[in-house]
Structure formats: structure tokens, C-alpha cells
Amino acid sequence: MIGATIADYRNQRQEVVEGGRTIYTEPDRIIIRDPGGQEYVRGNDLYRFRYGARDIRTFNEGGETRTVVIRPDGSEVITVVGPDGSLLRRIRRDPGGREIVIIDNSYRDPRSVGGFYVDVPPPVVNIPYDRYIVDAEEASPDVIYATMEAPPVQRIERRYTLDEIRYSPNVRMQMPSIDVNTINFETGSWTIPPDQVARLQVIADGLNRAIQRNPREVFLIEGHTDAVGNDVDNLSLSDRRAQAAAELLTQQFGVPAENLTSQGYGKQYLKEQTDGPSRINRRVTVRRITPLLNGGTASLPPPPPGAAPPR
Numbered sequence: 026m027i028g029a030t031i032a033d034y035r036n037q038r039q040e041v042v043e044g045g046r047t048i049y050t051e052p053d054r055i056i057i058r059d060p061g062g063q064e065y066v067r068g069n070d071l072y073r074f075r076y077g078a079r080d081i082r083t084f085n086e087g088g089e090t091r092t093v094v095i096r097p098d099g100s101e102v103i104t105v106v107g108p109d110g111s112l113l114r115r116i117r118r119d120p121g122g123r124e125i126v127i128i129d130n131s132y133r134d135p136r137s138v139g140g141f142y143v144d145v146p147p148p149v150v151n152i153p154y155d156r157y158i159v160d161a162e163e164a165s166p167d168v169i170y171a172t173m174e175a176p177p178v179q180r181i182e183r184r185y186t187l188d189e190i191r192y193s194p195n196v197r198m199q200m201p202s203i204d205v206n207t208i209n210f211e212t213g214s215w216t217i218p219p220d221q222v223a224r225l226q227v228i229a230d231g232l233n234r235a236i237q238r239n240p241r242e243v244f245l246i247e248g249h250t251d252a253v254g255n256d257v258d259n260l261s262l263s264d265r266r267a268q269a270a271a272e273l274l275t276q277q278f279g280v281p282a283e284n285l286t287s288q289g290y291g292k293q294y295l296k297e298q299t300d301g302p303s304r305i306n307r308r309v310t311v312r313r314i315t316p317l318l319n320g321g322t323a324s325l326p327p328p329p330p331g332a333a334p335p336r
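Numbers in this note's numbering are just positions in the sequence shown, counted from 1, shifted up by 25.
There could be a bad hint or two in this list.
[To be verified] Simulated DEER-style distance windows between Cβ atoms:
(1) Asn319 to Asp53: 27 to 35 Å
(2) Val42 to Asp155: 43 to 51 Å
(3) Ile81 to Pro52: 13 to 21 Å
Hint data in this document are derived by calculation from the structure and do not stem from the laboratory.
For every residue, glycine included, the Cβ atom is placed at its ideal position computed from N, Cα and C.
All chains should be modelled from the sequences, with the hints used to inform the complete structure.
Following this line, the structure appears as C-alpha cells:
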């Protein structure tokens, strides 16, 4: 809905209780509250792939659902989901028929137990804080690009699924991140003001450069809110902010949609510890997650501030 607010979706939200879980359904996403009080939101990345598509085909094959987005140049993005709607694979096929598997979410590590929350200790961070959580407003383009190529801060023990990364903070915190504090959202809104769009240029340049170097790179766009409002609204709102940023990076700056995934976290990770309105907390964050998906290991630390990235 163009010009919609969170109040519009609140009015359309339906609530049911199943097996002790409370499920809130909106037209384009669901929010789940587990009996233990954990809350999370699930959206649908396929919305972002429709932009500029020449054709979209969906069909069932062996219990799986395949959605093929065909682009004007003849290339295709294939998304495979299981019977329960969970992502299994994301594949890019070029006009010549060559395929690159960008996300293989069908793999389950033998050490993976239970659902998608992984209880691991917080990572040990031995790099400067301003290189671990990079401030986009203060960082140079070289530092932003270097962060998008930086290794994990410690050795990765195993491959993780996309859901394990999305919903396990100590897993994804093994990778450095970039706080995109150059753009701010109004309270209750996920619209990026037109006068702030250009501020994403340096982020988009870094993403495109990293993806050109490795077409299998995957970046998580995280959405956050301040502590104002109820938890369900904030999860929906933050997820929409993450999606809005991902859509803009693709539509305005040509970042391949299939190399991005988005997730909202509500007010779980406040940057400014306040219960009141906070522009600092209404933000998006960019994090490279390729090594987590692939089970990569840490190698060299990021270059020092001001150093040119490898070419």
C-alpha cells in the first residue's frame, strides 16, 4: 500500500493461537510469539524480485515450489521453497544456462539441534570497535567496502542456515556490520525520504563491488526501531524498513536483489538505550553473511583504517 502506515496494517492484522504460539497475520508477513516470549517476523523476499521482471512463473515439482523470475536480459532467478514455505535454494541462471547457487538453505549440519535458534557464546572480537560496527556516516568508502569483504571475527564452527543466522544474534554477530545511519525513518514509517536516497550510494557501490568480485555473496539488511509502541507493531515496522532499504538498493542502484535478504528485529537491539523516540534506533544495518552460510573460517583481520581495500 503506497503511503501506508503501521496503523493501516494493524487494522488488517489477524491473531490466532496455535500450540501455545500466538500468530499475527498481516497481508504480506507473519509475526510469531513463542510460549517463551520470543518474537520474530517472517516476510517474503520474492516481493523484491518482481521489479523489472519480464515474466514470473511458479510451479510445483516434487513437493517443492519453484518461482522463476525472468529478467529482460534473459537471466533468471530461481527460488525453491519447501512444502512448509521455507526457503531451500536461491539460484541465478545466466542467459547461457549457467547456474550459480547463491543460497543453499537445504543443508542441515549434523550439529544443528532443534529449531533455528542457535545458543552459542558471543563472539570474541579482537578488532577495533569502529571496524566491527562501522558508522556509515563517518566511514570512508574504502572502509565500507573493506567491511563488506571482511572475514568473520573468529573461526566459524559450521555452516548455518539462513534462518539460524537471521534469528540467532550471536551467530550473525560473528560478522562485522555497517550501521546505515545516513538515513533516518520517521516514527511509524518505513518510507525512505527522497532527499535521503542519495546517501545510500556509497553502500550500494560497496555492495556492487563485492558482488562483482564474488557473485555468491549474500548480505543481510537488518531493520530496527526505537522502543516506542508495541512489540508486534515494531517487528512489522522494522521488517518493512529492511525491505524498503533492500528494494531501494536494487531499484535505484542496481544491487542484485538475489544477493540481498532482509529481516526486521523490532526494538531488540537498541543502539541508544532509551524508551523514548530515537532517530538513532530507527535505522538499518548491512551485514555480510556469506561465510556463515558457507562455513568459512576467519583469515586475516580487516585492513587498518584508511588502507585501500584489495583489488
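Here is how each hint holds up against the structure:
1. Asn319 to Asp53: 27 to 35 Å: For Asn319 and Asp53 the Cβ distance comes to about 30 Å; the hint holds.
2. Val42 to Asp155: 43 to 51 Å: Hint holds: Cβ distance 45 Å, inside 43 to 51 Å.
3. Ile81 to Pro52: 13 to 21 Å: holds, 19 Å
The structure shown violates none of the earlier numbered hints.
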